[in-house]
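According to our numbering, the sequence shown is numbered sequentially starting from 1.
Hints listed in this document are in silico derivations from the structure and should not be mistaken for laboratory results. Check before you lean on any hint, since a few could be wrong.
[Stated by the list, open to error] Derived CB-CB ranges, DEER-like:
1. Gly66 <-> Arg17: 44 to 50 Å
2. Pro13 <-> Ser60: 43 to 49 Å
3. Ser60 <-> Pro5: 40 to 46 Å
4. Pro61 <-> Glu11: 52 to 58 Å
5. Gly66 <-> Gln8: 53 to 59 Å
6. Ala15 <-> Gly66: 51 to 57 Å
7. Gln64 <-> Ala16: 41 to 47 Å
8. Lys4 <-> Gly66: 36 to 42 Å
Using N, Cα and C, we set each Cβ at its ideal position, and we do this for glycine too.
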Amino acid sequence: MSDKPGEQLEEEPQAARGPEGSRDTGSDNPSGGPVDRPAGTADEDDDTGIDPEETQHPESPDLQSGGG
1 MSDKPGEQLE
11 EEPQAARGPE
21 GSRDTGSDNP
31 SGGPVDRPAG
41 TADEDDDTGI
51 DPEETQHPES
61 PDLQSGGG
């Protein structure tokens, strides 16, 4: 038995993984991911609608940043 993660597992056959290249992100950079939306934008349904500059509750304390 090995102490290295994953060495005790059998390799999944290609047929179970789908066609070769089907998991390709389309990017040559690590964590590049698909480029289906412009950089610097968020998906409309991912917007939380929270304004980080305002307190969320009227009784919340006004805490100052620790950065000098």
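Against the structure, the hints come out as follows:
| no. | hint | in the structure |
| --- | --- | --- |
| 1 | Gly66 <-> Arg17: 44 to 50 Å | 47 Å, holds |
| 2 | Pro13 <-> Ser60: 43 to 49 Å | 55 Å, violated |
| 3 | Ser60 <-> Pro5: 40 to 46 Å | 43 Å, holds |
| 4 | Pro61 <-> Glu11: 52 to 58 Å | 55 Å, holds |
| 5 | Gly66 <-> Gln8: 53 to 59 Å | 45 Å, violated |
| 6 | Ala15 <-> Gly66: 51 to 57 Å | 54 Å, holds |
| 7 | Gln64 <-> Ala16: 41 to 47 Å | 54 Å, violated |
| 8 | Lys4 <-> Gly66: 36 to 42 Å | 41 Å, holds |
Hint violations for this structure: numbers 2, 5, 7, all remaining hints satisfied.
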